[in-house]
Amino acid sequence: MSARAGHMALRGFWYLLLLFLYAPLAVVVFYSFNSINSSARFAGFSLKWYRQLFGNEAILDAMANTVVLAVGSTAIAVVIGGALGYGLYRYRLRRWGWLIWLIYLPVIMPDIIFGIAEMTFFVAINDWLGLLAPGLSTMLIAHVTFQVPFVALLVNARLLALDPQLFEACEDLYARPWQRARFFLIPVLMPAIASSLLLALTLSIDDFVISFFTAGPDSTTLPIFIWSAIKKGVTPEINAVATLLIVAVFLMAAVSLMARRPAGKNR
Amino acid sequence: MSKQTATPSSSIEINALVRRFADGHRALDGVDLDIAAGEFFTLLGPSGCGKTTLLRILAGLDTPSAGEVRIGGRAMAGVPAHRRSVNTVFQSYALFPHRNVRRNIAFGLEMQRLDTATIEKRIDSVAGLTGITTLLDRPVDQLSGGQRQRVALARAVVNEPDVLLLDEPLSALDAGLRGRLQLELRELQHRLGMTFVFVTHDQQEAMIMSDRIAVLDRGRIAQVGTPPAIYEQPATRFVAEFMGHENLLAVTGRDEQGVTTPIGHFAGAFAEGGHLLIRPEAISLGRRQAAAPGAIPAQVVGRVYRGGSTEYRIACGDHTLIARASDPAAEGFEPGAEVNATVAPAGLAVVAG
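Protein sequences, first through last, are from chains A and B.
Just so we're aligned, residue 60 is where the first sequence starts under this note's numbering, counting upward by one.
Just so we're aligned, residue 34 is where the second sequence starts under this note's numbering, counting upward by one.
Calculated from the structure, these hints are not laboratory results.
Think of the CB as a built atom: it goes at the ideal place given N, C-alpha and C, for glycine as much as any other residue.
Check each hint, because a few of them may be wrong.
To be verified - Residues from chain A shown here face chain B by an in silico Cβ test under 10 angstroms; the list is partial:
#, residue
1, Ser61
2, Met67
3, Arg100
4, Phe101
5, Asp170
6, Phe173
7, Ala176
8, Glu177
9, Asp222
10, Cys229
11, Ala234
12, Arg235
13, Pro236
14, Gln238
As the list claims (entries may be wrong) - Sample of chain B residues lacking proximity to chain A, with all beta carbon distances greater than 10 angstroms (derived):
#, residue
15, His115
16, Val119
17, Glu143
18, Glu238
19, Phe366
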């Protein structure tokens, strides 16, 4: 095969990849504007599914749950994960430095295993102590659990990329411990904190499997709502919900990318 | 303000200082030093000799295992780095990536909670002193190596510390720039009258810049003295070799007149020691004549022109010596030439070891 043909083949493969990645999303978005209840035939442009969506109590509840859960879990995860990322950096040369590998667990564990394990655990606690009935609180804990490693790893990576003498320069330049955090550590970690915050938000909004196993009757989120709705068939209303989710996630990914760029330049 | 200030420029006393690491290695093994206020003092030695450890202990970034450090007469034990009136120019410069040049220089002053007007005034003045006035509003990632070095220097000097520590600040720069900054740094130190403790492994740099030099060897002080004293009268074989001397001959005998070596007897009043050092510039070469008293017969085996001087490698029996001729009127010799080498008595020293 000539080099030219090879290039053509690669290019073709690339377009095929893009097609399979984006065409299904495009179809969902496209049919969300359909004027009839069909995902096979497009009869004309309409916003009626969006209007219907915003009149549907169940969907609005699911949206509210999704937002509350995403914002709450992210706020907690950024604080815990940030502290963990710093601790892992600070004590990386100590005897327990290998502990960093433990936090990879939720990253590599299949979601379904993780979800079932969390569910079993919460049910056991509930049986013994009467605490943690399935609902937003259990979901919050579960979400924080899988968000923390991502935050910790991003913050840790940023710290590892810094010149270690910077920490000594702070001390040398009269910064007391709290001043080192306030005027050096936090500002220098800001890009990593911002991008891990957006990543944690996205992970929470996207999550279905773990949410499904830890949710209670009143804590349905958008992904869970969609899943139960499509059992009755995909309606344009679901397409409209999905479209909103797609837009939200794309927006956050874009912001996250922009937040990360100046950090790369500063290295 | 928490910064502990002593006199505007402070002396440093170091007594029996030991730094033992967890693995038992002694980075410093009993160091005694007195550094005068306002002195440009250099810690010179190969990597691993303990010079950087000593500097870090002065800064308060490392803690001695035993011994004492006094700065301006005040004992430093238990005083953390941020409460010492000591600033460091780090080897990597360690400029804060999230702050531009001006805010980098301001860092130490802001941490001491000086008012904005004073901070801006001091930044402007130090920027003029270090030649970075036009760079003040640049981000630090847009600076060249030499510019970074100046900013790091300004960021330390602006605090007007009692002692300024410099950890091989020129080692990352190319030769030309390095030579210029060596002189600038020296001038700046004269103008400020600040005590400078400078760490380097480059003996040329140490000689150009320092009032006095301490040569460190495996955690101990091998010799302290002015640059000429260290170069001309090295105390040990290690110091002689580290200062770049190659003409070292084993002393095989000793009498009232001087010492005997494998290439002959040399007269003089020498210190105790196992090796005779002959400085290359003290050896002059002449055409081989019959019976030149005191001259050593030798053969030229190599010649290198060094710009302003010529270096000859000469064989005296089994021994090779380096002779440096800087007199342009002196007669030149080709490799293979039979010569007489004469040694000026002032160019001799016996070293320990």
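Comparing the hints with the structure gives:
The beta carbon of A:Ser61 is not positioned within 10 angstroms of any beta carbon in chain B (closest approach about 44 angstroms), and the interface hint is therefore violated. For A:Met67, the shortest C-beta to C-beta distance to chain B is roughly 41 angstroms, which exceeds 10 angstroms, and the interface hint is violated. Hint on A:Arg100 is violated. Least Cβ distance to chain B is approximately 56 angstroms, over the 10 angstroms limit. For the restraint placing A:Phe101 at the interface with chain B, the shortest Cβ-Cβ distance is roughly 51 angstroms, beyond the 10 angstroms limit, so the hint is violated.
Taking 10 angstroms as the C-beta contact cut-off toward chain B, the hint placing A:Asp170 at the interface is violated, the least distance being around 36 angstroms. Using the Cβ-Cβ criterion of 10 angstroms, the hint placing A:Phe173 at the interface with chain B is not satisfied: the shortest such distance is roughly 36 angstroms. The criterion of a C-beta within 10 angstroms of any C-beta in chain B is not met by A:Ala176, whose closest approach is roughly 40 angstroms, and the hint is violated. Violation of the interface hint for A:Glu177 is found here, the shortest Cβ-Cβ separation to chain B being roughly 38 angstroms, above the 10 angstroms cut-off.
The restraint placing A:Asp222 at the interface with chain B holds, with a minimum CB-CB distance near 5 angstroms, inside the 10 angstroms limit. Nearest Cβ of chain B to the Cβ of A:Cys229: about 8 angstroms, under the 10 angstroms cut. The hint holds. The beta carbon of A:Ala234 comes within 5 angstroms of a beta carbon in chain B, closer than 10 angstroms, and the hint placing it at the interface holds. With 10 angstroms as the threshold, the beta carbon of A:Arg235 comes within range of chain B, its nearest partner Cβ sitting at about 6 angstroms, so the hint holds.
The criterion of a C-beta within 10 angstroms of any C-beta in chain B is met by A:Pro236, whose closest approach is roughly 8 angstroms, and the hint holds. For A:Gln238, the interface hint holds, since its Cβ comes within 10 angstroms of a Cβ in chain B; the closest pair sits about 5 angstroms apart. A beta-carbon of chain A is positioned within 10 angstroms of the beta-carbon of B:His115; the least distance is around 5 angstroms. With a least beta-carbon separation of about 8 angstroms from chain A, B:Val119 fails to lie farther than 10 angstroms from that chain, contradicting its non-interface assignment.
Interface exclusion of B:Glu143 from chain A breaks down, the closest Cβ pair being 7 angstroms apart, not more than 10 angstroms. Remark: the non-interface label on B:Glu238 is consistent with the geometry, its nearest Cβ contact in chain A lying 21 angstroms away (cut-off 10 angstroms). No beta-carbon of chain A comes within 10 angstroms of the beta-carbon of B:Phe366; the shortest separation is about 51 angstroms.
The structure fails to meet hints 1, 2, 3, 4, 5, 6, 7, 8, 15, 16, 17 from the earlier list, while all remaining hints are met.
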